[in-house]
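All chains, please: the whole structure from these sequences, using the hints.
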Amino acid sequence: MGGIEFRNVSVRYPAAPNDGWVVKNLSLSLAKGEFVSLIGPSGCGKSTLLKLAAGMQAPTLGSLSIDGRPITGPGPERGVVFQEYGVFPWLSVRQNIEFGLTLRANRRAPAERAAIVDKYLELMGLADFRDALPGTLSGGMRQRVALARAYAVAPDYLLMDEPFAALDAQTRLVMHDLLLELQGRERKGVLLITHSVDEALYLSSKIVLISARPARLLEVVEVPFAHPRDETLRADPRFARLHAHLRQRVMQAYAEQQHQDNPHALPPENP
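Taking this note's numbering, the leading residue of the sequence shown gets 5, the next gets one more, and so forth.
Hint data in this document are derived by calculation from the structure and do not stem from the laboratory.
For clarity, every value in this text was computed on a predicted model and none was experimentally measured.
Careful: at least some of the hints might be erroneous.
Stated by the list, open to error - In the DSS-like style, the derived pairs of lysine-lysine whose C-alpha atoms are separated by at most 27 Å in a straight line are:
| no. | residue 1 | residue 2 |
| --- | --- | --- |
| 1 | Lys55 | Lys36 |
| 2 | Lys210 | Lys55 |
| 3 | Lys36 | Lys123 |
| 4 | Lys210 | Lys36 |
Below you can see the structure in the form of structure tokens.
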């Protein structure tokens, strides 16, 4: 069966609370071309799930597969984008995008590499910054570089751990539209970790709500909005209703998490 599959996955860290279980008997799937967002309270195990899908960590119990094959480690069919940009500060924008194309699993001939890099420099609006070092760029531009590098190696699946969390609100909206444009062109299977209900609704075809630790699947919401999408979607009454429902569920999960960790903590603002 195609896609990334979690089957009755559990993860245990002996030093963690709840007898060490951070994920408990969780099953979910990501199909090719599908955009799935995971939302839930901080510390509930969402990033652990992404590491499992990336092959950076093995489950304690259960199994994971990709396109019917067991996941035993990282692979070229999966690209990963982190919150911290993940660009090499000593390489130019062009060299950063090209980097993955020089590695054995994705190695391309020089002419093909140049064509691929040029394509993503244009698509991401980076052509005028091709020779710039990341330290001279804004956070939004650096995240464009990280996205371009991930897309350049043509993975079937893109795993994203809060990639826009450090950006200001306006830049985040611009990046949302850019990601939707790329997804419309290339149809990757995308697994996005986010704390933002708005971000999940705007980008996703499916939203998976994760419980307080240990992570369990609480609810799967199919997002009914067609593509292409733009800012007018946020004025749709269905968007508002789904946003209110998901926000309430996230707040309930957050309250449960805080009861475990710190009963006197204040709730978050506008998840």
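Structure versus earlier hints - violations, ascending order: none
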